[in-house]
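Chains as they are written, first to last, in the numbering used here: chain A, 1 to 311; chain B, 1 to 311.
Since the hints were made in silico from the structure, they are not lab data. The reader is advised that the hints may include incorrect statements.
Said to hold, decoys possible - Think about it this way: if two alpha-carbon atoms lie no more than 25 Å apart in a straight line, the pair counts; the simulated DSS-like pairs of lysine-lysine are: (1) 160/B x 86/A; (2) 188/A x 55/A; (3) 224/A x 252/A; (4) 55/A x 59/B; (5) 131/B x 131/A; (6) 160/B x 205/A.
Protein chains: 2
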Amino acid sequence: MNNILITGGAGFIGRNFIELLSSNYGKIYIIDNFSLGLREAFSSDKIKVIEFDLKNEFKMFDEIDCEEVHEIWHFAANSDIPSGIKNINVDFENTFITTLNTIKIANKYKVKKFNFASSSAVYGDWDIALKESLGPLKPISNYGSMKLASEAALCSFGFKEEVDINIFRFPNVVGVPATHGVILDFFKKIKLNGFLDVLGNGTQKKSYLHVKELISAMNFVNSKSNENINIINIGNNDDGITVKEIAELVVKKYDNEIKINYGENDYGWIGDVPKFKFNTDKLNNLGWRPELSSHDSVELAIDEIFNRLNL
Amino acid sequence: MNNILITGGAGFIGRNFIELLSSNYGKIYIIDNFSLGLREAFSSDKIKVIEFDLKNEFKMFDEIDCEEVHEIWHFAANSDIPSGIKNINVDFENTFITTLNTIKIANKYKVKKFNFASSSAVYGDWDIALKESLGPLKPISNYGSMKLASEAALCSFGFKEEVDINIFRFPNVVGVPATHGVILDFFKKIKLNGFLDVLGNGTQKKSYLHVKELISAMNFVNSKSNENINIINIGNNDDGITVKEIAELVVKKYDNEIKINYGENDYGWIGDVPKFKFNTDKLNNLGWRPELSSHDSVELAIDEIFNRLNL
């Protein structure tokens, strides 16, 4: 069985990946800086956790010392779009430099397969369904731009070194253990204030996927694709769900009535892509479809987050 | 008149830009590290030259101290594709980090217009004409990937700070004072060896534009565009010219017979896009067309380089 290295392996995507797929692999090396990653122990003793911040190249290969690595899953990144708005260094260091350093790791271990968590945010703001063949790419957040910069670095690396690269463009992903995102934000605001202030007027409408389905889709694509550089949207191709609907689903969890106040803008913050619909033909044609709609994914995640928060 | 700041202002593109367009502007600040830039003096005393390497952020604002800057033309980059093949740091530092630092300069001076020299290399290797709307972008060289990474950073910056950005995707640009490129390489090889060894089998076929036409096109687009982020191919939409034809035009400059030896691959080196044709509808529809074909641009440049080299 292949040994794998997972960057950001203790985070939201990484934890779910390991829970669902660790039996497919031999030794599993996890690199995490634990800025958002959870410190809970992992269940299996074939997992080795390396605490290291991949934005630092200095002493990287002293700290990261594996036997063999056959495959990389690179999830380490800034995962919080608003936090990178004021200062590009947040996404530059945590998303782009971590990618360059992970490429250096892949090079050292002569890895032949590299999987990367990219984002729908690379497209920018369009009023048509986002398809992989769409251009030009004009990301409107530093989050999106440093995901695109990472894609670019992976393309030239994968071509030259003959490493197969899967670039998964994620939609909004929901589930537990969420570390940020609209649902968690809403619960936190209600707990703090007793009411819910929504960023934007609630009309923002986006595509969501449950994290367990995301992992299933990536695993499927990874087993099927034979492209050198495979850029693929992972998600739902339905019309998405509005922020207003999400807010209403969240407040329904409370016995007492929670007042919802909407803002005036049709976007949540500068750099927020207010509406997007995914074209997932490539994924569907490969043979994978989600079981849950955007709406049902969100509803399930609301239950899971509510239960986990013990509200 | 607007003051402008030109990065890489002493280089191939920068020198031609200043020769043709300096009368349109007020004060002109040039930043160059003179790694390839020419040390010849500039003709006008409204030009201020700052010797600084933009890959360093340290002391950047001590060295770069301008009065007002209204517009930036960002040409500083690694301009030599093969030199960045072995080590991504060449393009990472000289193309991408220089862009991030130039964005920081733009921010400091509250610049409202930013022009960037990108490249057809962002597309990767396609067998159809390269159009701005084409995707997914899969650059095959670190040169192309760090140009794309720079585009990405400029998109999110331009959107958030409401700075109008022109992203010019260049074809192969020829003329003097060339610092590298196929024509100069051929003359140097003939001088050194007395014969001409060509990288690849000569079938590589690409679109070329003369540098004086490139400057004219950029100036035209800059005066016409009203897009926030304007990504546009600059070049010829003809079928291009083969390396074999270029080699034959070069050897014709000599009185004695020069033997041409071709390689076996249909590409020049790993990361070389062997064939490309540009779709320039966007540029043409805006109202600009080149006067010279790819063939005639190359032929003119061969004369100019031959004369300048005093062969």
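Taking the hints in turn, this is what the structure says about them:
Proximity of residue 160/B to residue 86/A is assessed by CA-CA distance (about 9 Å); at most 25 Å being required, the pair is judged to hold. The hinted pair formed by residue 188/A and residue 55/A fails the criterion: a straight-line CA distance of about 30 Å is larger than 25 Å. Distance restraint check for residue 224/A and residue 252/A: the Cα-Cα separation of roughly 41 Å exceeds the 25 Å cut-off, and the hinted pair is therefore not satisfied. Proposed proximity of residue 55/A and residue 59/B is supported: the alpha carbons are some 22 Å apart, at most 25 Å.
Taken as a hint, the residue 131/B and residue 131/A pair is honoured in the structure, with Cα atoms around 16 Å apart against an allowance of 25 Å. Proposed proximity of residue 160/B and residue 205/A is supported: the alpha carbons are some 21 Å apart, at most 25 Å.
Checked against the numbered hints listed earlier, the structure breaks hints 2, 3; every other hint is satisfied.
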